[in-house]
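**Q** Chain by chain, the residues:
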Amino acid sequence: MKTFIPYILGLLLLVASPSYAQQKTISGTVSADDEPIPGVSVLVKGTSIGVITDFDGNFTISAKNTDVLLFSYVGYITKEVLVDNQTTINVTLEASLEQLDEVVLIGYGSVRKKDLTSAISTVKGEELSKRVVTNIQDALAGQLPGVQVSSNGGQPGSESTITIRGISTLSNNSPLYVVDDVPLEDINFLSPQDIESVQVLKDASASAIFGSRASNGVIIIRTKQAKTNKVNISFDAYGGLQTIAKEPNLAGATEYANIINTARLNDGKSIIYDDPESFGQGTNWWNELTQTAPIYDANLSVSKATEDISISSGFSYQSQDGILKGSDFNKWSVRLNTKYNIRENVTIGENFTFAKSNTKNGPNSVWDAHRLEPVTSPYLPDYEQEGLNEFSIFSPTITDVPNALGQLARSFDDSMHTRVIGNFYVNWEIIEGLSFKSQYSIYSSNWENNWFAPDYYIEETDKQVVNSVGRTHNNKINTTWNNTVTYTKEFGDHNLTALAGNIIEAQEHKTLSGQGENTPSNHPDLRYLDAATEAYFTSGNTEKYNLISYIARANYSFKNKYLLTATVRADGSSLFPEGNKWGVFPSVSAGWVVSDEDFMENVSWVSFLKARLGWGQIGNDNRNSIPVDARLTTIGTEYYTSGSDQNILIGTGPDNVGNPSIKWETVEDLNFGIDFALFENKLNMNFDIFKRTTRDMLMAKSIPAYLGSGYDAQWSNVGSFETKGFDLGVTYKNQFNKLKTAFTLNLSHYKATATELADGEAIWDGNHQRLDDLGYTAEGETPGSFYGYVTDGIFQNKTEINSHSDEFGNIIQPSAQPGDFRFKDLNGDGQLTDQDRTIIGDPTPDLSYGLTLKFEYTNFDLSLLFTGKYGNDMLNAANPYLMSGSGNYNSYAGLLDKAWDGEGSTNSQPRLSNDDPNQNFRYSDYYIEDGSFFRLTNLQFGYKLSDNIIENNGLSKARFYISGENLFTVTSFSGLDPDIGGRSTLSGVDWGHYPLPRIINIGINLAF
Amino acid sequence: MKNIKYLLFILISLNFMSCSDYIDNEITGKQNLDNYYSNYSECDKALIGCYASLSPQDWWETDFFWLVGDVCSDDAFKGNTNEGDQRDFGNLANFNITPSNEWLDSKWRYTYQGIFRCNLAITRIPDAPISVEQIELLVAEAKFLRAVYYFELVKNWGGVPLLTEPISVSQANLSRSTEAEIWIQIEKDLTESKEFLPLKSQVVASNIGRATKGAAYAYLAKAAIYQLKYIDAQDWANEVIKTNEYNLNDDFGNVWSVSNPNGNGSIFEIQNSYNELYDSGSALCVLSRSRADGGWGFCTPSSNLDNFMGDDPRRDYTIIKQGDYVDEEHPSYDTDPTQNMTGRINRKYYLSMDERPEKSEHTRSPLNHILLRYADLLLIHAEAAYHNGDESVALSSLNKVRNRVGLNAVWQQANN
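First to last, the sequence lines map onto chains E and R. At position 87 of the first sequence the residue is numbered 86 (numbering that gives the first Met the number 0), and the sequence of numbers has no breaks. At position 331 of the second sequence the residue is numbered 330 (numbering that gives the first Met the number 0), and the sequence of numbers has no breaks.
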């Protein structure tokens, strides 16, 4: 009987369905993460009946009990639900691991990730907001393959340098930033919490659409837009403490005195310090100059979207004190983005941000703290301070390094930076598939700096007789007006999107600065120009720059499998003389979605495979590196004297060497890439290999001195550069029961070569007081290489010195003594000259990488970010002072024991000597160190309160977390921080780099 | 709705009509060479620029090089004992001269800077809308200065690239001319310029220190004697003497005083002054003063010179020895013997405390630098006359110089 019942029921159903095959009305709501989703497609499977969920995620559809409803939406796993006898079906969609339907911004438009033909990497804003940083660039470190972020120091308010795929030119290598379609050079008004996504356009085929500003790559940032119809309020805040991550290990006063004495004895002179032991530890300058400092941040954002209007607003505040005393930074900003559909086919919107930051610019005392002698106390004895002004109570120092605490006390330098960034746009869908967008944007920046230098006397070489005061005001207003027309058409298997447009840019930079001397006293109320009484000096100018561009692009795809994109851009720049103003920059790229081919159908473990090839040419007018007047010879001021009164005369003389044929620099690159997703999208990989060539590179070409321009050089298009490399991004996501994991690895490698330089002459950069120039850029070599002598052990005795000779018996180093370095006579001429130098190091890493590990288990989440570099050489510019024992500077602890003091004692550290007749401490491979490092850059451990607890309090999300920045670094570099950038002709040198702090903080994320 | 559509159409079309002079910007805040030399003031300022290359802003540009002649001879040593301090200067003193020596580099560059400016003036000023007399005088000054600059080059390097007009970077493929060709150009410039230069007494008070006819004759004499052309040397030197513009009335101790600029015996000197804002002064005072007295201790007189001068009345005004009385604030001078190679300091660039500038002393000392003075010219005259067989004339000039400081005259050998 029991078995009969289902059978009978089934029969009944069978009988019942055709005749009772009633269409009924099904309604319901589709949501995800407890938020209703508009625009979800609801289809009756196997039919063409379908609807879209409305703004509240509701839908109504007509279907039969036997029908299956398909719910699909971009970014979510399509769900199938049997109608059965339900009339209300509520569906929750789950986010899809498949990222391919994600929309990627490509400049004046967007495409699906699947249809991309260029090399573009993306990162979500939420990854960036985990970082405890005061500048956006730092937040991008390790997140994107091919993007290198090098720190310019941990000074509060400092901004890091970003390079994309290494360096491409000798001048400025910064990429272009585009924020909400507005091209900008400065993005530090943004907070990480404002950002929804960041996309990096790495190859020319992607960035050609941005023309002349994009030769170093483009970083596109989209700020958060309102999404849902509920009022969404979120509040995020954190507070923490910064400490020194690594302390220098410096000699104490006793060791210092012994080192000085030993050096003098080695020179045949008498000792200076009779009783080194009596000093004890002496002054620890590092401790005097550093401190533990707080950092905190708060963010509030409110957004709401309805069908017609959406508003997103935010407020944020951030404050950071410096771990070196005397510097601090704070910033607050306000943001308001709105969008309004005034008609069904016309949308207008605006994005507006106001940001104000205040920086107290303290002295960078790192180098001084290393070199100052510990035998000197910071302050004069009390009885000697009598009658001195507050800036003169410091002890004179033995070396030429001024008393660092005195320098700290005298530091009065504040900057205020106010920025207003806004854009207004109109988007008009003229007819179906044809739309027009016009956007006008303004970037307005006001920078003010006030400084005061008090009068003081510490010693003859550290004094200022009269005080001086100054103020600078610089205004920048950059406006951009872009108009684009886009046409999209689908006909059969063909899909075409075409874009045409023009862009007009204007930049105006106004400068004004004034200074004066001798205010009545050093009192804070008198630190203004009005109080100065003499030596007034002012300067000011207005510089303008204009650019007109025309762009066109076509995206074509056949069966969504074969993709082709072509762009062309023409730019006219005001920097170049008549005849050279315009440049045309084309690009083309193609893609093949291999996984959609029939032959790939049975390869189930490959969910997606695409191959891409792109080529493009971009111009660079180096607007931020070359002076506006590079094309003309300008006149500057000169001074002489004459007359029985010996009065000063103002004269003139040529100020530069103009180049009337200066023109665009062209960057051309070729990129091949593969994207694939395996194992049902659990494993995603993007691999790109590229070659980039820069031609007509703008360089300051040195000209024969007999032309009479002193040291002035002429900007000419005479160089060329080549960079080759690859970048790789791997993501693995999985879920094991309740444990969700996501791992991401980014790897980049590049090698740059200066293939042609002006007159084949090498360029030197980075003048060091003791080593001359550090960075060597030569034709056919890596720019910024280290170039010097090659050591070959230490002479242990006189015999070794004599046997270091050439075949004719000429002693190569006749002034050497046992304990001195042996240097190689590379050209074999029997003498040690500057011809015996060679490339001794390369600051370019073999690999730069970032590794993110994320874990989520019920309410707990843990994420770790590791960053690092491998295979780069570095130079600690403090070593010539701190490892030589000469010149009264302090040394690293242990130098006394390490130094050679007898035959066989060591083969790597020369004898201590002040005179150093052998010049042991000249620029040689002795200073080159391995700068590879592995760092735990960020760790965040959080706990989310469960829904049932928070809902009672009106919250939709409450999360608490503890996080750390720069927690540990594994490196063998002797400086304080191996993460040091630089510029194309000089990098990897620690000049007393302000180290990055270690930060531990706690925070909350709340949403209402 | 239609209105909005039309508005948008207008916007779109306006856009595509952007003018091309939108991307034509003028250079702001500075003049440029193309339209310069358009009035007298600009031409005069250009000349001042030519003079300014004699004493550029910073000490390392050419101030330091003036000391090279002394340290390369046995009159002086490099100065301070720290080998690493200005190593290249020490190398010059030891005749360890390499092409990478920074002092040679600076002197070369800034001397040619002077020549370039003079060439610009000589080529462009004749086309300026100013009077013929003004053109003649300005061009004459520029030619005089060009000769002085080439003199510096030929003295130190012999034959060098010879430019008499400004050339562009693309035309720059010159090689060294011969020493003789340079001398010819120097003499040509001096000869042409002397026609229009005023005598020292004719120069208006505000222009004192600029080129004079007497200076042109004096340089011709000096150029001749360097080339061992004794007849010409004696003739030119005689021209200077005949002008009666110069004498030795100044006390020897006052010749180099900062309060005696362009004195009675001064034929041509580099003018320096102190200014709060601009570095229009000299660095030689700080460069050569004792390290114990706020100086850098370079070019210290040798014991050779000291012993040679012996009890010559001029010795105390030339050399300061350890312990000497110099002035009220320095009754027993400290030449910082531990850091001073010779224990002596050059007196001729010494400024007393109240003569030293208050701010940025090292590039602003107001002490002028004498390049050619009457006593030197008289000795040139004497040497040339002697080689021409005119011993009595030679002795007459020599004794004028000795007489000034009270030394006994030297008689003709025949009378001994």
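Please keep in mind that the hints were generated in silico from the structure rather than gathered at the bench. Yeah, the Cβ is synthetic: ideal placement off N, Cα and C, and Gly gets one too. A few of these clues could be false.
[Said to hold, decoys possible] Pairwise CB distance ranges, derived in the manner of DEER restraints:
no., chain 1, residue 1, chain 2, residue 2, range
1, E, Thr752, R, Glu194, 25 to 31 Å
2, R, Glu82, E, Ser277, 29 to 35 Å
3, E, Ser802, R, Gln338, 33 to 39 Å
**Q** Taking the hints in turn, state whether each one holds.
**A** Tested hints:
1. Thr752(E) <-> Glu194(R): 25 to 31 Å: Since Thr752(E) and Glu194(R) have Cβ atoms about 59 Å apart, the given range 25 to 31 Å is violated.
2. Glu82(R) <-> Ser277(E): 29 to 35 Å: holds, 32 Å
3. Ser802(E) <-> Gln338(R): 33 to 39 Å: holds, 36 Å
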